Amino acid sequence: MTEPSATAPRILVIDDEPQIRRFLDISLRAQGYSVEMADTGQGGLEALATHGADLVILDLGLPDRDGQQVLRELRQWSTVPVILLTVRSHEAEKVAGLDGGANDYVTKPFSAPELMARVRALLRTRVVATDAPPVFDDGHLHVDLVRREVTLAGHPVALARKEYALLALLVQHAGRVVTQPQILRELWGPTHEGDTHYLRILVGKVRQKLGDDAASPRWIATEPGVGLRFIG
Amino acid sequence: MTDSSRERQADALVGELQRQGAGRLTIFLGAAPGVGKTYTMLARVRELRRTGTDAVAGIVETHGRSETAALLDGLEVVPRRRIKYTPLTGAPAGGAGHTLEELDLDALLARAPALAVIDELAHRNVPGSRHERRWQDVIELLDAGIDVYTTINIQHLESLNDVVHRITGVRVSETVPDAVFDRLRDIVLVDLPPRELIERLHQGKVYVPEQAAHALQAFFSPSNLTALRELAMQTAADRVDSDLREAQAARGLPGVPVRRGVMVAIDGRGSSEYLVRVARRLAERRDAPWTVVTVQSGDAPEEARQRELDRAFALARRLGGDAVVLHGNNIVDSLLDHASRSGASAIVLGRTRERPLARMFNRTLTQQLIQRGAHYELTIVSTPEARARSRRSWRATGSLLSRSDATLALAAAAGATALAWVAERWIELDDLSLIFIVAVVLVAARTRMTAAVIAAVSCFFAYNFFFIEPRFTLMIGARQGAITVVLFLVAALVAGRLASKLRMQVLALRAANSHATALQTLGRQLSTAGDVDAVLQAGRDALRRALDADAMLQAGEHTLHAHALDEKDRAAADWAMRHRQPSGRYTDTLAGSDWWFLPLVLGERETGVVGLRMPDGAARLGAEQRRLAEAMTEDIAQALARARLVADLEDARVGNETERLRSALLSSVSHDLRSPLASIIGAASSLDHYGQAMDEPDRRGLLETIRVEGERLDRYIQNLLDMTRLGHGGLTLNRDWIGVDELIGSAVTRLQRYEPQARFDVTIEPGLAPIWVHPALVEQALFNVLENAAKFSPPGDAVAVDARMIDTRLDKDALRIDVRDRGPGIPEDERRRIFDMFYSVERGDRGRQGTGLGLAITQGMIGAHGGSVEALPGLDGRGTTIRITLPRVEP
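So the protein sequences, as listed, match chains A and B.
Residues 1 to 232, numbered by this note's numbering, are exactly what the first sequence covers, in order.
Residues 1001 to 1891, numbered by this note's numbering, are exactly what the second sequence covers, in order.
Hints were generated in silico from the structure; no laboratory data involved.
Please note: incorrect hints may appear among the correct ones.
Examples of chain A residues lying across from chain B (beta carbon under 8 Å, computed) [stated by the list, open to error]:
1. Pro18
2. Ser78
3. Ser111
4. Ala214
5. Ser216
6. Arg218
7. Glu223
8. Pro224
9. Gly225
Computed from a predicted model, the values in this text were never measured in an experiment.
Built from N, CA and C at the ideal position, the CB exists for glycine as well.
Make a model of the complete structure from these sequences and hints.
Structure below.
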C-alpha cells in the first residue's frame, strides 16, 4: 500500500496531545522527515489509508478508540512499521501492543534522541528488508544471517542451534524490542509460550559466549517484563 | 455531690427562699364538708391572737353554726364588698339585679395584717371581682407578704377531681390547681370519722349547697366518706414528705425518703399473684419502689410451684416492680439480707401454712421475721387460700412428702432392721442403734426433712419392736433401755435434720455455682473475642452450652444463625429490638413463636437481639434459666459495645495515620512537583525572552535544565503512582523468571540515562540462577535504591553493587543484594525511618533532596515479594549499605 519514496520518508503521528504533536513535528522535520498529523484513532486510520506513510507513531491513549484496537485494525491492511507511545508502568500493555503488530515502543515521557533512534532503526530495517542481506557488524561482533556465521573479533563463536536462533531473531529486529512471548513462539513454537526459565538460561549462555554482561550490556539488553533488545 | 444533686439543692434553696419572702399559706384540709375545718381554723387563730399575732378575718363562712360564729368573737373582720350582679342570661334572680357580697381584697391589702383568714379556697368569685377565683386572691395576699389561713375540701383539688368523681360519682367544678399547694407552709388535716360526720349531717349541723342536696345521700355514704378520708390523709402525707425531702435537699443531705422500698416474699404455694398485687398497691400508696422475691433453698421447686412463681414474676414485671430470686439455705436470713441490701423498709408476707410444731418453737417464718426484722415494717397479708385453709382441718402433707421419699424412708428402716438382725450376733444391743441412726442419716442426705423424720420414727419403732426387751412388742422393759431408746429417737431426728440441711445447702450452692460458671466461661471467651463477629460467635457457643438451646444473635448488620428464623419469628425478633423488651415464647408478646427473644441493648438508640430456642420446645422456662439467659445476654451486649469501641478506636487510629500521610503527601506534592516545574518554566521562559542575548553554552545549559528537571518530575510522578499501587493493598505479583544480572543491568542502564556521571561497580556471584519475581517491580525497587546511593555518593566515587545467594536460618536460601555508597551515611536512629513515606534525611547544606518516597516504594515492593530491605552502616563505617533480601521462591 505504501510506496517507499526516494524523497523524505513520511511519518504519520497519531496523538491527541497538541504539545506532543508539535514537539514531534518540529523534531521529525529537523531530521529531514515529512510529517503528517492526526489527533484521533479514526482520523489516523483514514489518513493512513488515504495518503499512506513510511512509519506510524501511535499513542495508545487516544480519546476516541483504544490504541490497541487501532493497531489491530491498521495491521489488517497495512504492514507499515508502527512505534507505540506507552506509559511506563504498563508492561502488559507494551507486550500486547508488540504482539498485536507494533514494531517498537517508547515510554512517555521520552527524549527526542530516544525516539529518533527507534525511528531510524525501523526505517533502516524497512530498506534493508528489500535489498541487502542481513549482516550485523560493529567492528567487534559480526553476525551473518545468511551464512549463519558469528565471529567475535575475528574468532568464530560456537553457538548451539537454539542459541543461534535467539541471536538471529534479535539481530533481525536490531534496535527493537522482541517480546518474550514472541521469542518463545519463534524458538519453541506456540505450545511453549510459558517456558521463560529456559529462555533465561539460554540468554545467559548467549551472553556468556559473546562476552556480554547483562549488568552493563553491549549487545543484548533485557527489558524486564517485556523482552529483549539487540542494542548493537 | 453530683451535678444533678447540686441542682436539686439549689432549686430547693430557692424554693425555700421564695417562701420565706412571701406570705405563708396554711391549709386546713378536710375530706368532706362538715368535718369542722372552719371551726378548727378559727380556734387556731384565736390561739395566735392570744399570743399577739395581728390576725384579721378576710371572709369566713359560718353557715349559721353557732359554735363557729362564737369563735369569730373578737376577731376583726374586714367588711365584705357589695357587688351588683346582673345575670347575663335567663331571668334575673330576685328582680332586676342582685347584690352579692364578696371578699374585699383591696381593703384587706390596705389593712395589711400579719395573718388573714380566708375561708373556702375553692370558691368562685362573683363576677365583678378582681380575680375569678378566690385562690387567686389568696395568692395576691401571699405575694404581698400576708400569711393566710384557709380551708379546702379534698374534692376541690384539681388533680384529684377524677378520683373523687370515681369514688363519689360527683364531679366538682370549683377546683384549685395543685400549684397553689406549692406555696404551702403547713397543712392541717381536719379529720372526722365518717360515722360521726353522718350523725352531724342528720343533726343538720352540716352545710350542704343546695345543688348538691339531691346527691346528698349518695355523697355521704360511709364508703365514700372513708375513701375521701383516706385520700385526704394521703394528700396530707404527700405534702409532708415532699416538704421534708426539699428541706433536706436544701441542707445538702442526701434525700432520705420517709418511705423506702417494699419487698414481698412469695413461695409459689398459692396466692403468689395476689400477694404481688397487694404489694404493688402498698408500694403505690407510698410512692415507693417494690420488689418480689422468692428464696430457693434446695432443688428447683416442682412444676406447679415453679409455674406459679413464673407467673407471679411476670405479673410483677408488668406492674412495674422488680423480681429477684434469692438462693440460700435459710429463708429468713436470705430475706433480711436482701432487704437490708436493697434498702427495703417494709416486708410483705402471705400467711404461711400452719406449722404448729414450729410455732411451738417460735420457728415459723413469721415469728422469726418478727424477732429478727425489727427494723422493718412487717405486713402479713391474709390470702384467700389461707382463709380457706384455716377452715379446713389440718391434714398432712401433700407436697411435703413425695411417694418415693416415703418409700425410701420405710425401705431404709426395713433394711436397717434386717442388717441389725444379722449383726446382732457380733454387736451389742446399744451399738445396734447406730445402724439405725446411719440409716436415718442416709435417708436425710437423699431426701427432705419429712422423709428423714419418717425414717427416724420407723427406725425407732423397728428398733423397739425387734430388739428392745420385751421383743416383738412396743413396750420398753428396763427404764435404762427406755432412756436409750428415747435418746436414740432424738439423735435420729437431729442427725436427720442436719443431714437434710446440709443437702439443701449443697444443692443451693451447686445451682449458684453452675450459674456462675456459665457466666465465667462466657466472660472469658468474650474477653478474647476481637471483633463483633467473634463476640457473636462466642456468645452463641456459650448460650448453647449453658442453656442447651439453639441460639441466634443479631447486632446491627452482623447476624449469626439468623437464617433459622421464619416469618413470625422474625416479626417477634424485630418487635423485641424496637421495643427493647423480651418477646416470643415464654412472654406475652407474639408467644406463638418457637423462639424466645431478648433485646441486646447496644447503646442509646441501638438494639440487637438474642434468640433462644429451648430443646424439645420446652413449654416453660425456669426462673433460673431465665436469669442465666438474661445475665449472659447482658454480658454479650457489653462485649459488643467493647468490640464496637475497639473498632472505633482502630478507625480513629487509622484515620489519624491516613491524615498524617495525606498532609505529608500534600506538602510533598506542593514542593516536589512545583520545584521542577519552576525550573522548567523559568528556564523555558528565559530562553524564550532572552535566548537571543545568551551565548551558546548558557542556552545549552538552560535546555539541559529543562530536560533534567522534566525527567525528575517524571520520576516523582512515577513514584507517586507506585505508592498508590502499593497502598491499595492490591499489588498483584506477576512473577516470572528473570536473571539477577538482567535486573541490575536494566536498572543501571536506566539510571545512567538520568545521571550519566553515576558510576557503578557491579559484582554478581557467578552461576547465580534466575529468580522468580515480578521483574518490573524488583527492577524499580533496585532503581530507587541505586538512585538514592548515587545521589549521596561523592562525585567520581562508584556505587558498589553486590549480589549473592545466602543461607538464611530458615533453611531456605535467599538472594541478597547490597548497594554501598561512601557518602555521608545515615545516623543510627534514622536507619529505620528512611523507609517511611515522605521521609528524607535532612541535609543542612544541600537541603532536602528527593521526595522521600523512593525507599518506601522499594520496601513496599520487596516486601510484597516476602523480602526485606534495611539500612546498614557502610564499609569501614563510612557511608551506607542498603541491603535487599529476597527469599527464594519456586513457582
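We went through each hint and held it up to the structure:
no., hint, in the structure
1, Pro18, "17 Å, violated"
2, Ser78, "31 Å, violated"
3, Ser111, "7 Å, holds"
4, Ala214, "4 Å, holds"
5, Ser216, "6 Å, holds"
6, Arg218, "11 Å, violated"
7, Glu223, "7 Å, holds"
8, Pro224, "4 Å, holds"
9, Gly225, "4 Å, holds"
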